[in-house]
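Colleague: Residue strings, one per chain:
There are 2 protein chains.
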Amino acid sequence: RCFHFCKLPGRVMGIRLLRFTSVVIIVLLLVAGALTALLPTIKDDKLPNSRREPKPQTQSALDSFTLIMQTYNRTDLLLKLLNHYQAIPHLHKVIVVWNNIGEKTPEEMWNSLGPHPVPVVFKVQAVNRMRNRLQNFPDLETKAVLMMDDDTLVSAHDLAFAFSVWQQFPEHIVGFVPRKHISTPSGVYSYGSFELQNPGLGNGDQYSMVLIGAAFFHSGYLEDFQQQPEAVYALIDETQNCDDIAMNFLVAKHTGKPSGVFVKPVDIRNLEKDTNSGYSGMWHRAEHLLQRSYCVNKLVNIYDGMPLKYSNIMISQFGFPNYANHKNKM
Amino acid sequence: RCFHFCKLPGRVMGIRLLRFTSVVIIVLLLVAGALTALLPTIKDDKLPNSRREPKPQTQSALDSFTLIMQTYNRTDLLLKLLNHYQAIPHLHKVIVVWNNIGEKTPEEMWNSLGPHPVPVVFKVQAVNRMRNRLQNFPDLETKAVLMMDDDTLVSAHDLAFAFSVWQQFPEHIVGFVPRKHISTPSGVYSYGSFELQNPGLGNGDQYSMVLIGAAFFHSGYLEDFQQQPEAVYALIDETQNCDDIAMNFLVAKHTGKPSGVFVKPVDIRNLEKDTNSGYSGMWHRAEHLLQRSYCVNKLVNIYDGMPLKYSNIMISQFGFPNYANHKNKM
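Chain order of the listed sequences is A and B. Residue numbers for the first sequence follow my numbering, so the first one is 846 and each next one is one higher. Residue numbers for the second sequence follow my numbering, so the first one is 846 and each next one is one higher.
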């Protein structure tokens, strides 16, 4: 009446052998279980166990962002800024776009000064191009990108807040540097900031761009950027400028709304003067602003229209840094 | 070979008669057309033609708003405020909710001091109830409502800007007075403002309500308010308070997001002290704030949960009043 499977063991092996085999199997399973429990502490990058609560292996793609920082001839600033930015909350990874052609990256030194809070990837470039930072890097795992110039320091508080704002406006460029275009009776556009006349839409000023040198935006826009007309790349390469204006055109076209959302920074600093390299950045060139007006008009030609839209929304953090920063005399 | 319809006129009436009839019909049509062209200048309210460019008969329901102002025992303030608010850009109509039971409205005086920029309707109430202002008034033609307390003066600049912000966030209460709830270890909620501890979600403070006594919201929420549990009306009637807290619960439940968007006012004033009536408003009652904490907990019971969500977004107008109000030391 016994089933087929119990005939063999019972008769062929004997009851004693059966018990011994069962014990061996159970012991092996326990050992395997113990080994599995020990596995998570062995990491590929051979970092020692952290004394504090271990960080989860990967943060959710929606809850973290990737910092992309392009660098040229300011490695001292780069390393100073990396020490700051590597510890920003919700940072997933850093991608350094290395525009110092033919020069070794500081990767060795970086590794020797580990461990670091997040992975940092040095992407060596073949040619020194402004638009190198707008590639669709395969290293990108997050939905959000934080793009920073290699001479700009924004406080962790500002970044944490701006990231939370981006999460509420994911199709916009959410950042700290607003700019605008204005049109003139001749139909020719001009580029500028608040010292330029207001666009004349009611009270106050308006902005139509948020610069990507200190901003969050959706990584999908890097994919979109690869699909732009050749003339756009030619323009950016010709001027070594205007990649940010081109991105604002792209985003505005895509959304049909103002491309950017301006978050007023509490603590933003330009560290240019602190560099030992003597290199002082593209925006000091005499033709810089004229080039940007030139780019606005060229892009209007390329895209056959002006897609940029105005906004006058300025966002600040409620109750920070001053807990009563919204108080009024009511 | 002629069709049926031409047989009769041709033979019965004669060609000459046909021509005469045609001419008469054409003349009548021309006269009717001329009369129709003259119609718009004859208005029901018998206001004389304005000397300046005549205002379009109705502004688009999306581009204008209705001011709803409830009033009790402060008619001097009401009239002072109406002189201010009647001229706000994009205002469509004013609805005054008259809580002075048994007292005549100032309608006669109002009309004698015409013409006025917009229609003002005095809604006489049967009982002096706080929630009278939350009726679904048939006079409402616009999507947007601006609700103001009868002692609050907000500048036209602030209102114009806040209205533009509401148009970008139409499902939220967009206004000038933020408040919050906080939870305590016992599970009992407390109501307060910035002097109360931060909810502890990172840096800075948070708000979870925007009070409707100085705010824009969608007129659809007045419809929704009529569908609330009886216990909500009973609570508001019992306390003569908390209608605004109830509205925030309603909106938060409806959107699943923070109910309000806070716009930082440049110029908001409480005119309470200026009234001749000696009446100083409900919020001076000793139990006012305790009542509001009580209401929060009662509403959580009624709605079986806490729907309010926190936000720390503070919106200001870019470049106004100071054209460089976003400038930083970069």
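No lab work stands behind these hints: they were computed from the structure. Any given hint could turn out to be false.
Just so you know, same-sequence chains aren't split out, so a pair can sit in one copy or run between any two.
[Said to hold, decoys possible] No farther apart than 30 Å at their CA atoms in a straight line, the calculated lysine-lysine pairs in the DSSO-like style are these: (1) Lys1102 - Lys968; (2) Lys949 - Lys1109; (3) Lys1143 - Lys1118; (4) Lys1102 - Lys1154; (5) Lys1143 - Lys1102; (6) Lys988 - Lys1118; (7) Lys949 - Lys1143; (8) Lys1098 - Lys949; (9) Lys949 - Lys968; (10) Lys925 - Lys949; (11) Lys1154 - Lys1098; (12) Lys1172 - Lys925; (13) Lys1154 - Lys925; (14) Lys1098 - Lys988; (15) Lys1098 - Lys1172; (16) Lys1118 - Lys1102; (17) Lys949 - Lys1154; (18) Lys949 - Lys1172; (19) Lys1102 - Lys949; (20) Lys1118 - Lys1154; (21) Lys925 - Lys1143; (22) Lys925 - Lys1102; (23) Lys1172 - Lys1143.
Colleague: So, for every hint listed, does it hold in this structure?
Modeller: To see whether the hints hold, each was checked on the structure:
| no. | hint | in the structure |
| --- | --- | --- |
| 1 | Lys1102 - Lys968 | neither (33 Å within a copy, 40 Å between copies) |
| 2 | Lys949 - Lys1109 | neither (37 Å within a copy, 50 Å between copies) |
| 3 | Lys1143 - Lys1118 | neither (32 Å within a copy, 59 Å between copies) |
| 4 | Lys1102 - Lys1154 | both (6 Å within a copy, 27 Å between copies) |
| 5 | Lys1143 - Lys1102 | within (21 Å within a copy, 42 Å between copies) |
| 6 | Lys988 - Lys1118 | neither (33 Å within a copy, 53 Å between copies) |
| 7 | Lys949 - Lys1143 | neither (36 Å within a copy, 66 Å between copies) |
| 8 | Lys1098 - Lys949 | neither (39 Å within a copy, 57 Å between copies) |
| 9 | Lys949 - Lys968 | within (11 Å within a copy, 78 Å between copies) |
| 10 | Lys925 - Lys949 | within (18 Å within a copy, 73 Å between copies) |
| 11 | Lys1154 - Lys1098 | within (10 Å within a copy, 33 Å between copies) |
| 12 | Lys1172 - Lys925 | between (37 Å within a copy, 25 Å between copies) |
| 13 | Lys1154 - Lys925 | neither (36 Å within a copy, 38 Å between copies) |
| 14 | Lys1098 - Lys988 | both (20 Å within a copy, 28 Å between copies) |
| 15 | Lys1098 - Lys1172 | between (38 Å within a copy, 28 Å between copies) |
| 16 | Lys1118 - Lys1102 | neither (37 Å within a copy, 44 Å between copies) |
| 17 | Lys949 - Lys1154 | neither (42 Å within a copy, 50 Å between copies) |
| 18 | Lys949 - Lys1172 | neither (53 Å within a copy, 38 Å between copies) |
| 19 | Lys1102 - Lys949 | neither (42 Å within a copy, 49 Å between copies) |
| 20 | Lys1118 - Lys1154 | neither (34 Å within a copy, 44 Å between copies) |
| 21 | Lys925 - Lys1143 | neither (37 Å within a copy, 54 Å between copies) |
| 22 | Lys925 - Lys1102 | neither (37 Å within a copy, 39 Å between copies) |
| 23 | Lys1172 - Lys1143 | between (46 Å within a copy, 29 Å between copies) |
The structure shown violates the earlier hints numbered 1, 2, 3, 6, 7, 8, 13, 16, 17, 18, 19, 20, 21 and 22.
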